[in-house]
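Asks: Letter by letter, the chains look like this.
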Amino acid sequence: MPEMTYSEALNLALREEMRRDPAVFVMGEDVAVWGDRGGVFGVTRGLAEEFGPERVRDTPINEESIVGVAVGAALTGMRPVVEIMYSDFLTLTMEPLVNQAAKLRYMFGGQARVPLVVRTNLGASGGKAAQHSQSLETWMMHVPGLKVAMPSTPADARALLRTAIRDDNPVVFFEHKLLYFQRGEVPEQEESLEFGRAAVRREGRHATVVAAQAMLSKVLEVARRLASEGIDLEVIDPRTLVPFDIETVVESVRKTNRLLICHEATERGGWAAEIAMQVGELAFDHLDAPVARVCGANVPVPYSTPLEAAVVPGEAAIEQGLRALLAGARWGPAEIG
Amino acid sequence: MLRRMVLIRAFDSLLPDLYTRELIRGSSHAAIGQEAVAVGACAALAPDDYITSTHRGHGHTIAKGGDVNRMMAELMGREDGYCRGKGGSMHIADFSIGMLGANGIVGGGFGIAAGAALSAQMRGSGQVALCFFGDGAINQSSFHGVANLAGIWKLPLILLCEDNRFAMSGRAELMIAGGDPVKRAQAYGFPGVSVDGMDVLAVKAAVAEAHERALAGDGPTLVVAACYRFQGHFSGDTQTYRTKEEMAPWLERDPIPAFRSSLLAEGWLREAEADAMEEEVATAIAAALEFAQASPWPEAQEAWEDVDA
Ligand SMILES: Cc1ncc(C[n+]2csc(CCOP(=O)(O)OP(=O)(O)O)c2C)c(N)n1
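Residue numbers (this note's numbering), protein chains in the order written: chain X, 1 to 337; chain H, 338 to 646.
In short, the hints are calculated from the structure, not lab data.
Here the structure is a predicted model, which means the values were calculated and not measured.
For every residue, glycine included, the Cβ atom is placed at its ideal position computed from N, Cα and C.
Restraint ranges, calculated between C-beta atoms of paired labels, are given here: (1) A624/H / Q182/X: 37 to 43 Å; (2) E582/H / G52/X: 24 to 30 Å; (3) A514/H / G52/X: 17 to 23 Å; (4) E188/X / A624/H: 55 to 61 Å; (5) F284/X / T577/H: 56 to 62 Å; (6) A646/H / A327/X: 34 to 40 Å; (7) Y356/H / G52/X: 31 to 37 Å; (8) R607/H / Q182/X: 56 to 62 Å.
Coverage of chain X stretches by chain H, computed from C-beta distances (three or more under 8 Å per stretch; other residues unrestricted): (9) 60-66; (10) 121-130; (11) 289-302.
Facing chain X, according to a computed beta carbon distance under 8 Å, are these residues of chain H, among others: (12) G363; (13) G414; (14) N476; (15) W634.
Can you make the complete structure from the sequences, with help from the hints?
Replies: Shown next as structure tokens:
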């Protein structure tokens, strides 16, 4: 299998879909001529050369209009793939995304289709500070009518983006800044990957951990370390938050009887709480300890190195949380960590 | 004014080296080539007037009278930084001089500046608010919303567009419908003034006039200062979207040597004084580096402070 970066894998998916379907087009800020001809993280690199300025559009800076226009185009036969440079700027797109894209089909009694993909990235990386580091995936998850994907590997990035583009519903597609230049194997053949299929990244019997993207790498690292002590973790990557593959998590919990959820987004009201609730409803009798979570602190992401490191869950915090869970003790809120 | 321009240039010239030495992180944006706009505009303001800044904000802070020691400490994420290390380059603020903050959100300053102008109007304080923003930001919805409000309420607001021709790779002439951003003022019923942003005195004069209007209760003014971003959008920008040829005529119009020569020619400044001033700036910058590096790192638990008041 060829190796490529996460960014290249996304680029490949865009290219394949644009070749297949002339209705697919890309727009956003700096997607055509910036840098190596496309995208601050290179995802749209070279697309303008291949598909021309009609289908790869550099827009003015106005996120609200970019998504608003995409909704209208999607309603009337196009399949826009929009890039929002950082997920922090999703806040500027809330009206068209939440009031329009997510609801039009429902409000109009099934007349409408909104095949729209909003690609963006989340996560802290290297001091980008409070307005360029947020992880807002749970906000999107809260809105009926939006699907939410968050791929963790290059292969998944390509396969899930392909599925997102072919979906007839609005999909908010979260990439992670720290993953763009990580390499991984991507199958030669185009693969499809249904939404709502979690991946078991590691099998184990002592506890189940759910994590994605940058947190997934950290969890896997901790799992490797703990394995040398004879502690076997099962690690699940949800791949999509809406729809969410709760069956895979429940099945795992039946085996391990312990669950920890780790996400970079702030702890309060984060998706860990939703999953813990669902597991409580579906598998309470199988739990030997309260569901635990290790999440971003309930503060904006600060700039300075030691401050950023304190609020974004690191391997030490994850390991501490897991040990507490395995010892049966309760893991306290992020403020204490 | 020349000293502040030279200080801005010297400060922003350090950035690439500071990245290489891993003393700073995140993103920071140099205002090299745009010093005359920041300095000219702030020279026309009163000390207690407000400004809002942008992601490219070091120049605005220095022009308003900011302290380079605390700026540099903030860039290095240290305890003595303006924001105690929480903000970094894109979030420097100094409320004691009316500097209401740089901003990581393009267009994030419009509402804040207009709100400060509203507050000044309601309090009858005689203060004016000046909003620095780029040719890219003028396309944000908030520009239009704020221009309309400021127009109907006659807010003491100066909208200062630094038209440096680019928003990252986006060329102003391709991104601004109607071509010249100054025309947008007309739509909202207040004056739009074009000024040479490479000429610090011209900028000062234009802003001074806008300031008078604001104080007289005549409402906002849009000032569009034509200037040029001499360097990449940020360190590491390969600038494939523009050519050396198109940059050359702008680089020749460097506002600092131009102002220096005119001061010398008109006898306001002597060569020896100018040289001494430049040396003094170099010393101030060296001191700022030292100050910042000597400043302690914030304690981890400070990350939980100041989430609310
Ligand atoms: C809402 C928002 N969209 C996009 C960005 C990314 N971004 C940062 S600076 C910039 C260009 C801004 O151009 P302009 O307003 O002309 O200011 P200049 O960089 O030229 O000083 C962009 C697109 C951002 N920070 N905020």
